[in-house]
Every structure is written in C-alpha cells, then in structure tokens.
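Peer 1: Work out the full structure, taking the sequences as your base and the hints as a guide.
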Amino acid sequence: MEDQMSTRQEQMEAFGRLLDVMDELREKCPWDKKQTNESLRSNTIEETYELCDALIRNDDENIRKELGDLLLHIIFYAKIGQEKGAFDIKDVCQSLCDKLIYRHPHVFGDDPADTSQQVEQSWEQLKLKEKGGNKTVLEGVPSSLPSIVKAQRIQDKARNVGFDWEDRDQVWDKVHEELNELKDEINVMNPVSMENEFGDLLFSIINAARLYKVDPDHALEKTNQKFIRRFNYLEQHTIQQGRSLQEMTLEEMDEIWDEAKRKGL
Numbered sequence: 000m001e002d003q004m005s006t007r008q009e010q011m012e013a014f015g016r017l018l019d020v021m022d023e024l025r026e027k028c029p030w031d032k033k034q035t036n037e038s039l040r041s042n043t044i045e046e047t048y049e050l051c052d053a054l055i056r057n058d059d060e061n062i063r064k065e066l067g068d069l070l071l072h073i074i075f076y077a078k079i080g081q082e083k084g085a086f087d088i089k090d091v092c093q094s095l096c097d098k099l100i101y102r103h104p105h106v107f108g109d110d111p112a113d114t115s116q117q118v119e120q121s122w123e124q125l126k127l128k129e130k131g132g133n134k135t136v137l138e139g140v141p142s143s144l145p146s147i148v149k150a151q152r153i154q155d156k157a158r159n160v161g162f163d164w165e166d167r168d169q170v171w172d173k174v175h176e177e178l179n180e181l182k183d184e185i186n187v188m189n190p191v192s193m194e195n196e197f198g199d200l201l202f203s204i205i206n207a208a209r210l211y212k213v214d215p216d217h218a219l220e221k222t223n224q225k226f227i228r229r230f231n232y233l234e235q236h237t238i239q240q241g242r243s244l245q246e247m248t249l250e251e252m253d254e255i256w257d258e259a260k261r262k263g264l
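Each residue of the sequence shown is one higher than the one before, starting from 0 at the first, in numbering that gives the first Met the number 0.
Read the hints as simulated data drawn from the structure, not as lab findings.
A few of these clues could be false.
[Unchecked claim] Result set (PhoX-like, lysine-lysine): computed pairs, CA atoms no more than 20 Å apart in a straight line:
no., residue 1, residue 2
1, K134, K149
2, K173, K225
3, K32, K83
4, K149, K78
5, K78, K33
6, K27, K83
7, K262, K221
8, K212, K173
9, K225, K260
10, K134, K98
11, K260, K221
12, K27, K78
13, K78, K89
14, K33, K83
15, K32, K78
Peer 2: Structural data, given as structure tokens:
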C-alpha cells in the first residue's frame, strides 16, 4: 500500500521540501524567527495530545494532519539545534538509525528473538549496556509523563527484567488487598493514608490492565467520551423540557441517562 501511494524517491523529495520550507520560515517569518525550544515546548505537548485523540478515534485523515503538525515541531527543534551548532536533522536521523540497529540484533545481527516479549527484554538489557544509556532499569521513565502512562512504563520495564506475576490471575488478590486497605483508611478518615491507598489501588488496577492487554489510558479516555455523550444527551433532553439539571431529582436524571444508554450513546 505504501509503495502504491508514493515511491521512496517521492518521499525523500517531500522531506527535502519540508526542510526547505522550514529554512524559509526561519529566515523570513517574524513569528518563526523568534521561536525557541522553550516557546515551542507547550505547543509540542498539545500537538502530541491532538495526535493521540485522532489515534483513539482511528481517524486516518486527522492522524495524517496531526502527524504533520508533530513533524513540524521535530524539524523546528532540529533547525534550532543546527543554528546553535549542536546538531542538525542528519544527526537526529543517524543517531536514531544507529540506536534502532543496535537494539535489534535479531534483525541486524545474529541474536535470536522469536517473540515480542523476548525483543522487549533484549531492548531493556541493551539500553543498560549503552554508553551514556540508562544506568538503572527505571531511569528511562520520564518524570514528566502523565501518571497513568508512567505507571504503565514502570510496570513494563519491571516485567522486562522478570519482576512480574507468575500467573496474571494473581494480580486480583493484590487489587482486592489494596481496595480493602483503602476502605480501612476511609473508615478512620486519614487524608494522607487515603491518598496513598488510592494511589496503590490505581497502580494495581493499571497492572491488571497491562496483564490482560488493556491500555488503561485508552480505556479511560473511551469512558470519558462515553460519559460526555450521555451527559450531553441528559442536558439537551432537559433543555428541551424547559428545565434545568439543578431542578431535577437524581432519579429523573438517571432515567434519562438510562435512555441514553439504550440508544447506544
């Protein structure tokens, strides 16, 4: 499919055109000229979330668009690096290629790896061996990641060195244990301990999701969107009746909510 859409030569020409456009913008556009790594950072985060939203909706048209927006930022940072004399886009591409080749000895070397789990385990071991690489297993988990994603990455890295449940069903004992500990703290209303136990419970649930091949961040976002659809239905239905939500009882709202569920919202 990729070859039918464009040739490698056409792809290289398009990438070169993008570099030329960035050079022109950086030289002639007042806004682009004044941008720095710091000024772009928050926009980069926003663009990344917009891409994630398109990916969740499996919206190919917007995936294409948002990939372009994110690629613009990558080219922008490389251009700034070039101006500082630190690196350019060639260095970015070459270092990435070198890393990919080094971390895939089963493809570019003679090391066997027949399963994706073997590949992940080898990847983590190679990262620890790299010059300038991670010195500890969890060092490569960015501190700025959102909490749910960070928990996933922590658990994945621990699994890759063998720190995991022997049987995934065992995780439910841990979930129930954490839930009971949370209930105990709620009974005595200890705010600090309640927060700690909520965190432990969430961590164990995310661990369960990992073991059962469910992306908890994706699952939660789908539930967010489902709640928004049903709540919007509830609100619109209420407005059509000439009423406000504040005037309704919980039972009345639940009735409309259930109607939204029956409609598949």
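Peer 1: All hints, please: hold or fail.
Peer 2: For each hint, the structure was consulted:
Only pairs whose Cα atoms come within 20 Å are accepted, and K134 paired with K149 is accepted, the gap being roughly 18 Å. Under the criterion of a C-alpha separation no larger than 20 Å, the hint pairing K173 with K225 is inconsistent with the structure, at around 29 Å. Annotation: proposed proximity of K32 to K83 holds, straight-line Cα distance about 14 Å (limit 20 Å). Taken as a hint, the K149 and K78 pair is broken in the structure, with Cα atoms around 30 Å apart against an allowance of 20 Å.
Of the pairs offered as hints, the one joining K78 and K33 holds, with about 13 Å between alpha carbons and a cut-off of 20 Å not exceeded. This hinted pair checks out: K27 and K83 have alpha carbons roughly 18 Å apart, not beyond 20 Å. Using a Cα cut-off of 20 Å, the hinted pair K262 and K221 holds, with the two alpha carbons roughly 17 Å apart. Restraint check: the Cα-Cα separation between K212 and K173 comes to about 18 Å, which is no more than 20 Å; the hinted pair holds.
For the hint linking K225 to K260, the alpha-carbon distance of about 9 Å falls within 20 Å, and the restraint holds. Distance restraint check for K134 and K98: the Cα-Cα separation of roughly 17 Å lies within the 20 Å cut-off, and the hinted pair is therefore satisfied. Between K260 and K221 the CA atoms are separated by roughly 15 Å; this keeps the pair inside 20 Å, and the hint holds. Taken as a hint, the K27 and K78 pair is honoured in the structure, with Cα atoms around 14 Å apart against an allowance of 20 Å.
Note on K78 and K89: the hinted pairing holds, with a Cα-Cα distance of about 11 Å set against a maximum of 20 Å. The suggested pairing of K33 with K83 holds, with an alpha-carbon distance near 14 Å, which does not exceed 20 Å. A threshold of 20 Å between alpha carbons decides the hint, and for K32 with K78 the separation of about 11 Å falls inside it, so the pair holds.
In summary, the numbered hints that this structure violates are 2 and 4.
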